[in-house]
Amino acid sequence: MNTTVWIHYARPRSAWYELPEQTQAELQRTWAALDSHAQSAGAQSMGSFFVRGQSDYSTVEIWSFAGYEAAYEHWAAKVAAGYAEWFEFSNNVGNRLP
63 MNTTVWIHYA
73 RPRSAWYELP
83 EQTQAELQRT
93 WAALDSHAQS
103 AGAQSMGSFF
113 VRGQSDYSTV
123 EIWSFAGYEA
133 AYEHWAAKVA
143 AGYAEWFEFS
153 NNVGNRLP
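Numbering (this note's numbering), first residue to last: 63 to 160.
In short, the hints are calculated from the structure, not lab data.
A quick note: this is a predicted structure, and the numbers were derived from the prediction, not measured.
Cβ coordinates follow ideal geometry from the N, Cα and C atoms, glycine included.
Hints are not guaranteed to be accurate.
[What the hints assert, rightly or not] With a Cα cut of at most 20 Å, we get these calculated SDA-like pairs of lysine to any residue:
(1) Lys140 <-> Trp93
(2) Lys140 <-> Ala77
(3) Lys140 <-> Thr66
(4) Lys140 <-> Ser152
(5) Lys140 <-> Asn154
(6) Lys140 <-> Phe151
(7) Lys140 <-> Val122
(8) Lys140 <-> Leu96
(9) Lys140 <-> Arg91
(10) Lys140 <-> Ile124
(11) Lys140 <-> Ala95
(12) Lys140 <-> Asp97
(13) Lys140 <-> Glu150
(14) Lys140 <-> Val155
(15) Lys140 <-> Gly115
(16) Lys140 <-> Thr85
(17) Lys140 <-> Arg114
(18) Lys140 <-> Ala72
(19) Lys140 <-> Met63
(20) Lys140 <-> Leu81
(21) Lys140 <-> Glu123
(22) Lys140 <-> Ala94
(23) Lys140 <-> Met108
(24) Lys140 <-> Gly129
(25) Lys140 <-> Tyr71
(26) Lys140 <-> Arg158
(27) Lys140 <-> Gln86
(28) Lys140 <-> Gly109
(29) Lys140 <-> Thr121
(30) Lys140 <-> Trp78
(31) Lys140 <-> Leu159
(32) Lys140 <-> Ser98
(33) Lys140 <-> Ser102
(34) Lys140 <-> Ile69
(35) Lys140 <-> Pro74
(36) Lys140 <-> His99
[To be verified] Label pairs and their in silico Cβ distance ranges:
(37) Ser76 <-> Asn157: 28 to 38 Å
(38) Met108 <-> Val141: 16 to 26 Å
(39) Thr85 <-> Gly129: 18 to 28 Å
With the hints as constraints, model all of the structure from the sequences given.
Written out as structure tokens, the structure reads:
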């Protein structure tokens with residue numbers, strides 16, 4: 063059972079919209095492959111959602127991981143694959159209450 067939750071808020075940076083669609087699609091495939099890798103290692107995606115109302119972000123993803131290290135490794139892989147260059151973001155991570 064996964065005990066760590068990772069909540070990831072995001073919105074595209076302005077430069078994202080200036081990228082050719084093919085480049086956007088290639089980046090999205092790369093990040094999706096990282097998501098699949100995390101899932102094959104035991105992570106669970108609870109989905110991606112649009113944010114309504116007062117927020118600095120347009121989407122939120124909710125994931126669960128076996129521990130903090132697994133969540134951090136997933137995030138570090140996405141950053142290494144260029145995600146932070148194209149998206150503003152905020153992350154929250156925490157463990158299940160006893």
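These are the hints, each one checked on the structure:
{"no.": "1", "hint": "Lys140 <-> Trp93", "in the structure": "holds, 6 Å"}
{"no.": "2", "hint": "Lys140 <-> Ala77", "in the structure": "holds, 18 Å"}
{"no.": "3", "hint": "Lys140 <-> Thr66", "in the structure": "holds, 18 Å"}
{"no.": "4", "hint": "Lys140 <-> Ser152", "in the structure": "holds, 14 Å"}
{"no.": "5", "hint": "Lys140 <-> Asn154", "in the structure": "holds, 16 Å"}
{"no.": "6", "hint": "Lys140 <-> Phe151", "in the structure": "holds, 12 Å"}
{"no.": "7", "hint": "Lys140 <-> Val122", "in the structure": "holds, 15 Å"}
{"no.": "8", "hint": "Lys140 <-> Leu96", "in the structure": "holds, 7 Å"}
{"no.": "9", "hint": "Lys140 <-> Arg91", "in the structure": "holds, 12 Å"}
{"no.": "10", "hint": "Lys140 <-> Ile124", "in the structure": "holds, 15 Å"}
{"no.": "11", "hint": "Lys140 <-> Ala95", "in the structure": "holds, 10 Å"}
{"no.": "12", "hint": "Lys140 <-> Asp97", "in the structure": "holds, 9 Å"}
{"no.": "13", "hint": "Lys140 <-> Glu150", "in the structure": "holds, 13 Å"}
{"no.": "14", "hint": "Lys140 <-> Val155", "in the structure": "holds, 16 Å"}
{"no.": "15", "hint": "Lys140 <-> Gly115", "in the structure": "violated, 27 Å"}
{"no.": "16", "hint": "Lys140 <-> Thr85", "in the structure": "holds, 16 Å"}
{"no.": "17", "hint": "Lys140 <-> Arg114", "in the structure": "violated, 25 Å"}
{"no.": "18", "hint": "Lys140 <-> Ala72", "in the structure": "holds, 13 Å"}
{"no.": "19", "hint": "Lys140 <-> Met63", "in the structure": "violated, 24 Å"}
{"no.": "20", "hint": "Lys140 <-> Leu81", "in the structure": "holds, 18 Å"}
{"no.": "21", "hint": "Lys140 <-> Glu123", "in the structure": "holds, 14 Å"}
{"no.": "22", "hint": "Lys140 <-> Ala94", "in the structure": "holds, 10 Å"}
{"no.": "23", "hint": "Lys140 <-> Met108", "in the structure": "holds, 18 Å"}
{"no.": "24", "hint": "Lys140 <-> Gly129", "in the structure": "holds, 17 Å"}
{"no.": "25", "hint": "Lys140 <-> Tyr71", "in the structure": "holds, 14 Å"}
{"no.": "26", "hint": "Lys140 <-> Arg158", "in the structure": "violated, 24 Å"}
{"no.": "27", "hint": "Lys140 <-> Gln86", "in the structure": "holds, 15 Å"}
{"no.": "28", "hint": "Lys140 <-> Gly109", "in the structure": "holds, 17 Å"}
{"no.": "29", "hint": "Lys140 <-> Thr121", "in the structure": "holds, 16 Å"}
{"no.": "30", "hint": "Lys140 <-> Trp78", "in the structure": "holds, 16 Å"}
{"no.": "31", "hint": "Lys140 <-> Leu159", "in the structure": "violated, 27 Å"}
{"no.": "32", "hint": "Lys140 <-> Ser98", "in the structure": "holds, 12 Å"}
{"no.": "33", "hint": "Lys140 <-> Ser102", "in the structure": "holds, 16 Å"}
{"no.": "34", "hint": "Lys140 <-> Ile69", "in the structure": "holds, 14 Å"}
{"no.": "35", "hint": "Lys140 <-> Pro74", "in the structure": "holds, 15 Å"}
{"no.": "36", "hint": "Lys140 <-> His99", "in the structure": "holds, 11 Å"}
{"no.": "37", "hint": "Ser76 <-> Asn157: 28 to 38 Å", "in the structure": "holds, 36 Å"}
{"no.": "38", "hint": "Met108 <-> Val141: 16 to 26 Å", "in the structure": "holds, 21 Å"}
{"no.": "39", "hint": "Thr85 <-> Gly129: 18 to 28 Å", "in the structure": "violated, 34 Å"}
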